[in-house]
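Visitor: Each chain is listed here by its residues.
There are 2 protein chains.
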Amino acid sequence: MTANLTVAVDAMSGDKGTGVIVDAVRQVLAARTDATLLLVGDPAEIERHIGNNPLPEGRAQIVEASEVVTMDDSVAIALRNKKKSSMRIAINQVKEGRAAACVSSGNTSALMAISKFVLKTVPGIDRPAICTTIPALHGHTHMLDLGANVDCSADHLFQFATMGSILAQAIDSVDKPTVGLLNIGSEELKGNGQVKEAAELISNSSLNYIGFVEGNEIYTDRADVVVCDGFVGNISLKTSEGLARMISHYLKEEFMRTPFNKLVGLVAKPILMSFRKRIDPRRYNGASLLGLKGVVVKSHGSADAVAFANAINIALLAIDNDVPAKITEHMSQSLSSIA
Amino acid sequence: MTANLTVAVDAMSGDKGTGVIVDAVRQVLAARTDATLLLVGDPAEIERHIGNNPLPEGRAQIVEASEVVTMDDSVAIALRNKKKSSMRIAINQVKEGRAAACVSSGNTSALMAISKFVLKTVPGIDRPAICTTIPALHGHTHMLDLGANVDCSADHLFQFATMGSILAQAIDSVDKPTVGLLNIGSEELKGNGQVKEAAELISNSSLNYIGFVEGNEIYTDRADVVVCDGFVGNISLKTSEGLARMISHYLKEEFMRTPFNKLVGLVAKPILMSFRKRIDPRRYNGASLLGLKGVVVKSHGSADAVAFANAINIALLAIDNDVPAKITEHMSQSLSSIA
Numbered sequence: 013m014t015a016n017l018t019v020a021v022d023a024m025s026g027d028k029g030t031g032v033i034v035d036a037v038r039q040v041l042a043a044r045t046d047a048t049l050l051l052v053g054d055p056a057e058i059e060r061h062i063g064n065n066p067l068p069e070g071r072a073q074i075v076e077a078s079e080v081v082t083m084d085d086s087v088a089i090a091l092r093n094k095k096k097s098s099m100r101i102a103i104n105q106v107k108e109g110r111a112a113a114c115v116s117s118g119n120t121s122a123l124m125a126i127s128k129f130v131l132k133t134v135p136g137i138d139r140p141a142i143c144t145t146i147p148a149l150h151g152h153t154h155m156l157d158l159g160a161n162v163d164c165s166a167d168h169l170f171q172f173a174t175m176g177s178i179l180a181q182a183i184d185s186v187d188k189p190t191v192g193l194l195n196i197g198s199e200e201l202k203g204n205g206q207v208k209e210a211a212e213l214i215s216n217s218s219l220n221y222i223g224f225v226e227g228n229e230i231y232t233d234r235a236d237v238v239v240c241d242g243f244v245g246n247i248s249l250k251t252s253e254g255l256a257r258m259i260s261h262y263l264k265e266e267f268m269r270t271p272f273n274k275l276v277g278l279v280a281k282p283i284l285m286s287f288r289k290r291i292d293p294r295r296y297n298g299a300s301l302l303g304l305k306g307v308v309v310k311s312h313g314s315a316d317a318v319a320f321a322n323a324i325n326i327a328l329l330a331i332d333n334d335v336p337a338k339i340t341e342h343m344s345q346s347l348s349s350i351a
Numbered sequence: 013m014t015a016n017l018t019v020a021v022d023a024m025s026g027d028k029g030t031g032v033i034v035d036a037v038r039q040v041l042a043a044r045t046d047a048t049l050l051l052v053g054d055p056a057e058i059e060r061h062i063g064n065n066p067l068p069e070g071r072a073q074i075v076e077a078s079e080v081v082t083m084d085d086s087v088a089i090a091l092r093n094k095k096k097s098s099m100r101i102a103i104n105q106v107k108e109g110r111a112a113a114c115v116s117s118g119n120t121s122a123l124m125a126i127s128k129f130v131l132k133t134v135p136g137i138d139r140p141a142i143c144t145t146i147p148a149l150h151g152h153t154h155m156l157d158l159g160a161n162v163d164c165s166a167d168h169l170f171q172f173a174t175m176g177s178i179l180a181q182a183i184d185s186v187d188k189p190t191v192g193l194l195n196i197g198s199e200e201l202k203g204n205g206q207v208k209e210a211a212e213l214i215s216n217s218s219l220n221y222i223g224f225v226e227g228n229e230i231y232t233d234r235a236d237v238v239v240c241d242g243f244v245g246n247i248s249l250k251t252s253e254g255l256a257r258m259i260s261h262y263l264k265e266e267f268m269r270t271p272f273n274k275l276v277g278l279v280a281k282p283i284l285m286s287f288r289k290r291i292d293p294r295r296y297n298g299a300s301l302l303g304l305k306g307v308v309v310k311s312h313g314s315a316d317a318v319a320f321a322n323a324i325n326i327a328l329l330a331i332d333n334d335v336p337a338k339i340t341e342h343m344s345q346s347l348s349s350i351a
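If you read the sequences in order, they're chains D and Z.
For the first sequence, this note's numbering assigns the number 13 to the initial residue and increments by one for each residue that follows.
For the second sequence, this note's numbering assigns the number 13 to the initial residue and increments by one for each residue that follows.
Simulated from the structure, these hints should not be mistaken for lab results.
Every value quoted in this text rests on a predicted model; they were computed, and no experiment measured them.
A few of these clues could be false.
[As the list claims (entries may be wrong)] Distance condition first, Cα-Cα at most 20 angstroms in a straight line; then the derived SDA-like pairs of lysine to any residue: (1) Z:188 to Z:163; (2) Z:28 to Z:332; (3) D:264 to Z:265; (4) Z:264 to D:59; (5) Z:264 to D:261; (6) Z:289 to D:277; (7) Z:264 to Z:283.
Turn these sequences into a full structure, and let the hints guide you.
Guide: Spelled out as structure tokens, the structure:
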């Protein structure tokens with residue numbers, strides 16, 4: 013088994029348990045016959061979920077891990093005291109060349125810290141960033157950072173722009189993805205110091221920089237990549253989650269209000285389902301931890317099998333396109349052009 | 013005519029022209045028979061829109077202004093060179109005691125700067141903040157700051173919390189509004205320095221502080237008042253606008269996809285209209301500029317008559333409840349308790 017197209021899957025983390033992850037593995041192995049998956053965790057638990065329906069011969073392997081990082085574990089505990097956790101051992105597979113990527117639904121802070129400790133960052137990248145895909149009017153947007161880095165310098169934002177651009181190239185097969193910096197609209201007060209300084213750095217680089225984008229433009233395809241610090245990015249993403257949930261709830265309420273409405277709702281069901289599918293967060297599950305010497309993808313804690321399979325597919329796309337190597341190459345060029 | 017329940021309306025700013033504002037004035041005067049409105053602007057233009065349908069005798073008055081602050085005017089131009097603008101003269105009405113509030117659809121930065129220059133801030137308030145009402149699952153949330161202040165200290169956030177709490181008391185008639193600080197979810201990195209420090213200040217005050225709230229909780233009624241700096245607040249609000257527009261667009265597309273879908277859409281129209289009404293941004297138009305010695309309300313530039321009337325109603329509620337006096341009183345108590 014080569015590391016090429018092998019993904020180590022943390023089978024123990026996440027709110028929905030190992031069964032969901034085994035189902036996701038099954039889906040991916042059926043669709044991607046070139047991929048191999050390592051299921052990292054308690055062998056008995058994993059076997060129990062595989063049951064009488066074995067995974068494809070030779071393309072799935074169980075790797076034992078005796079501990080689990082919980083959602084409440086501090087980074088310190090996860091990093092120092094849980095060296096046999098499924099998360100740690102999944103990341104170790106990448107470090108040791110047995111897998112090219114790792115996917116986990118576990119604690120984001122722990123995943124970030126362990127990945128950084130075990131895999132290290134690419135030279136020229138100070139801090140890894142979290143990047144996810146967000147649906148937009150006529151396609152989607154890649155947005156980063158989404159919470160790994162609370163306070164960011166202009167230089168960090170520039171690094172995020174570079175990494176986001178490389179990821180967008182890989183995932184969307186576009187040659188020169190457009191890059192925008194998230195900023196506020198007020199003309200007099202256009203942004204804080206870091207954003208203004210980052211704008212200069214990015215516009216003087218080889219990136220396809222299109223300037224500032226405002227919050228609403230995340231959803232209008234103005235830029236392929238939207239760059240911001242982790243505080244702003246996290247709040248923007250969570251705001252969207254909250255609003256989408258409220259709107260869904262309102263829509264449901266209206267179609268349940270009277271017997272007539274319920275009847276119309278029944279007739280409109282395929283239309284409403286097709287609408288829901290378009291904003292289904294499961295389709296966008298899988299955030300990339302960029303800037304590491306290896307591919308690490310974070311799945312939502314409450315991901316179901318469809319959503320988790322999507323996160324594995326994002327990891328496979330990153331391997332297919334050699335994202336870490338491209339980031340390394342780009343950064344070494346930037347570093348040598350400065351030197 | 014007393015200043016009591018008199019609102020000066022900037023009749024020249026905004027994208028939709030004076031006609032929309034005259035219509036809004038008509039709606040408000042019909043609904044609030046205790047209110048008086050001053051229409052500030054070009055008398056000929058205002059008269060033209062009033063036409064043959066006069067406004068209620070003695071409850072509407074035109075105040076002449078020969079200039080207009082445009083959306084492109086810099087703050088410096090608006091403040092120094094346009095002393096006869098409808099915006100400036102509307103604010104002057106408050107300063108000179110001829111009105112208790114001013115409403116404008118004009119340039120936010122100019123409105124903020126002129127209001128601050130003419131009316132001054134309440135002692136103890138360093139910077140006015142912009143506060144608006146946002147729909148939430150079972151009610152609404154007041155959120156501030158939304159873009160007036162890009163970089164905020166912990167002390168500023170504390171001032172915003174105080175002002176937001178007083179506004180929520182006034183608008184919702186709740187005794188002790190709950191106050192939350194907008195923060196990110198990551199446990200290890202809970203927020204930046206200012207947010208952590210502000211949390212201490214607010215939790216040691218008499219405000220009904222409930223702790224950190226995450227972006228999604230803006231829409232779940234967890235807090236009556238959500239406090240953040242203007243950079244984050246603006247991006248969160250604009251993100252919501254963009255997402256709501258995209259979702260609306262998707263929903264419309266699904267109901268237009270096939271002739272059958274169109275037919276179902278026709279039958280479902282009253283349900284969809286009722287849904288749309290619940291997320292109609294016009295219902296929430298009117299952001300309060302808090303911390304000034306007077307009531308100033310900013311309407312959206314593209315507000316129609318319904319939306320603009322809502323902004324005037326928010327100004328009337330703030331007068332009804334004496335919001336500036338309550339902020340002054342609260343701040344003087346805080347200041348004397350420190351001294």
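Visitor: With reference to the structure, classify each hint as holding or not holding.
Guide: Structure-based check of each hint:
Between the alpha carbons of residue 188 of chain Z and residue 163 of chain Z the distance comes to roughly 28 angstroms, so the proposed pair goes past 20 angstroms and is violated. The hinted pair formed by residue 28 of chain Z and residue 332 of chain Z fails the criterion: a straight-line CA distance of about 28 angstroms is larger than 20 angstroms. About 18 angstroms separates the Cα atoms of residue 264 of chain D and residue 265 of chain Z, which keeps this hinted pair within 20 angstroms; it holds. Annotation: proposed proximity of residue 264 of chain Z to residue 59 of chain D is violated, straight-line Cα distance about 46 angstroms (limit 20 angstroms).
Note on residue 264 of chain Z and residue 261 of chain D: the hinted pairing holds, with a Cα-Cα distance of about 17 angstroms set against a maximum of 20 angstroms. Proposed proximity of residue 289 of chain Z and residue 277 of chain D is supported: the alpha carbons are some 18 angstroms apart, at most 20 angstroms. Between residue 264 of chain Z and residue 283 of chain Z the alpha-carbon distance is near 13 angstroms, which keeps this suggested pair within the 20 angstroms criterion.
In summary, the numbered hints that this structure violates are 1, 2 and 4.
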